[in-house]
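Participant: Sequence:
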Amino acid sequence: MNDATRNEPVGARVAEAAAADSTPAAVVADASTFIEALPAASAEAPQRYLVRVIRAGTSLNGVNYPRAVLREAVPLFNGARVFVKNDKAHIAGDPASKDFRALVGALSNARFVEAGVGEIQAELDVLETADVAPKLREAVARHMSDLFGLSVDAVGASRRNGALREATRLTRVNSVDLIIEPGAGGQVIRFVEAVSVPPANEENTMLREQMLKFIEARDSARAAALANASDEEVLTAYREAVGAAHADTSAGLSAAEVDARIRMVEARANARVAIAGSGLPPASCERLTQRFAESASFTDADVAQAISAEREYIGRLTEGAQIRGLGSVEAGVDRADKVKAMFDDFFDKTKPAMSFREAYIEVTGDKRVTGQFSACDMKRLREAAGENFREAVSASTFSNILGDSITRAMIREYGALEAYQDWRWICDVVPVSDFRSQQRTRMGGYGNLPGVSENAAYTALSSPTDEKATYAVTKRGGTETLSLEAIANDDVGIIRRIPLALATAAGRTLYEFVFNFLSSNAAIYDTKALFHTDHANTGTAALDAVSFAAARLAMKRQTEQDSGKRLGLTLRHLAIPADLEEAAFNLFVRNTNLDETFVQSRKPTVHVIDYWTDANNWYATTDNSQCPLLEIGFYGSEQPELFVQDQPTQGSLFSNDQVKYKIRHIYGGAVRDWRGFYGAIVP
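Counting in my numbering, the sequence shown runs from 8 upward without gaps.
Treat the hints as calculated values from the structure; they're not laboratory data. Keep in mind that this is a model prediction, so the values were computed, not measured. One or more hints might be untrue.
[Unchecked claim] Label pairs and their in silico Cβ distance ranges:
1. Asp473 x Ala552: 35 to 41 angstroms
2. Gly86 x Glu135: 17 to 23 angstroms
3. Asn523 x Ser644: 18 to 24 angstroms
4. Gly571 x Glu519: 32 to 38 angstroms
5. Ala267 x Arg318: 26 to 32 angstroms
6. Thr306 x Met151: 36 to 42 angstroms
7. Thr136 x Pro288: 47 to 53 angstroms
8. Glu247 x Thr306: 21 to 27 angstroms
9. Pro288 x Glu135: 45 to 51 angstroms
10. Glu135 x Gln297: 50 to 56 angstroms
11. Pro438 x Glu519: 21 to 27 angstroms
12. Ser570 x Ala622: 36 to 42 angstroms
13. Asp630 x Asp351: 36 to 42 angstroms
14. Asn523 x Pro438: 19 to 25 angstroms
Every residue, glycine too, gets a C-beta built ideally from N, C-alpha and C.
Whole structure, please, built from the sequences with the hints as guidance.
Facilitator: Structural data, given as structure tokens:
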């Protein structure tokens, strides 16, 4: 990813699998466990949980979630559905995993809590009919909540920020999933009373917690009794605690003076909350906090005015600032690009051969080539996978990275196969959207328009009939395997052969499919053979000047359907086996005399079809623009596609100690019009 922001899946998407010793010190290494449990309001009440959805900071996968981004995204989590998923489905972001049977509940009352590093909290309403409801309740009640956690599947934008990626905006929350290994601090904090109401805002929450801590330091029993008390009751108890704490110093003070001191304690707490949420730089926040901590008397209005003045001051510092003489900006090459280039060079025949074993170790960190997921360096795998904004890697990561490089090499080789690319001159290439039968209708022509006398009516023309050709696309493909032994033995030649072998097979199959329409002379849309006496497009003479002249004349004499008018088609192409290449050269290319004959002057484009085994038959066609000849329809891509056939098993990079790749090419075709063809079927 370059420095430009782009949309991509963001958020705590899958299980964090990084090794402990590779976790950076600045990473939010939260265990994503359930912490404590409180009794519900009643046995019949639906179960609710206060949950931490995602925590600000850097996740275990090196993705930074700023406080401002999470604060802005809070409304997106209200109503978000919660599913129970296995980690593999969550990693893949598989839409099919959103099964109604896997629905756990939904989130509500989402809010951003400023305390600590900052986090999004919400209430999770669990459907009591959900299969996981009893298990969830028991695990939280028995303090076994480290068995699972929450992970966010969201869409948004990100940008590169040094060695890390930073989320710049969340735009949609697909779901919040209950999985085994979350990566961005998602966890359940406690049960929520069925009738409880969340605080109106983050500031009230923080102030209430501070007052309860103050009360608990002086009377723990009193603080415990206030756990579910209203804000007014907590404030009253706080005033009493403050009054008791200052009883020894308040002797001789009036009631008004004591009340003023209590108000200042509250004012300082309010000031700290207001300054923390102002969005000012940390240095400014620290300076303002220190100022009001030392101030003897001030109001909330004074705090607001000071924050506003600080903003104006910072604005004046940057006002009019201009950056002159901008230097060049160059995006650095990240590890994913280096890995891509490394594998591309390996499969490039023009580059010196390198060790595939070393390339495997460089990507996976599996120095002994065990093929085991546990022996891999997760950080290396994750970086090699590129800019997939996910919270973990999986056992299929290496297979996919290698498969992408094989695909690029295969497409490069496929395009370079000149011997198997000479087929488009005879075809119209079209996209096909499904596997159903494709119908191609061609209408006949009208005769000459009759004359119309003065004041006479126009007569109806004879409507032409139509001819309909049909075909359906067919899947063609196969598999190729890369074994653990081939990597361990560093069989460079075998591995480098894979893309070329796949490309050659795909190119040859398509090439022969096209020209088999000529050599097989199969029945076409009118149930007759392509070259048939009824079509007046066949002969039996060997290739020479006389037989070529006959073919040219037969094509000129072809008539339009219904009208019977001659089409005057020009013979432009000659398709021959390798056995007739010399005869064709002598007939059209070699100057046999100073004054060329008519046949010699025609000079059609000669196409040598090397796989044809009949040494005598030859075929001619007009240009595809004069008359439709063949149509080839591709489903999906015109190039062959490559997929990982077997998903690696849990804990291993390989399935049965090998990675199996599947090549697939889907196409079909049919003859559109026999009038543009001529075939010499020589006995």
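Participant: Are any of the numbered hints broken by this structure? If so, which, sorted upward?
Facilitator: 6
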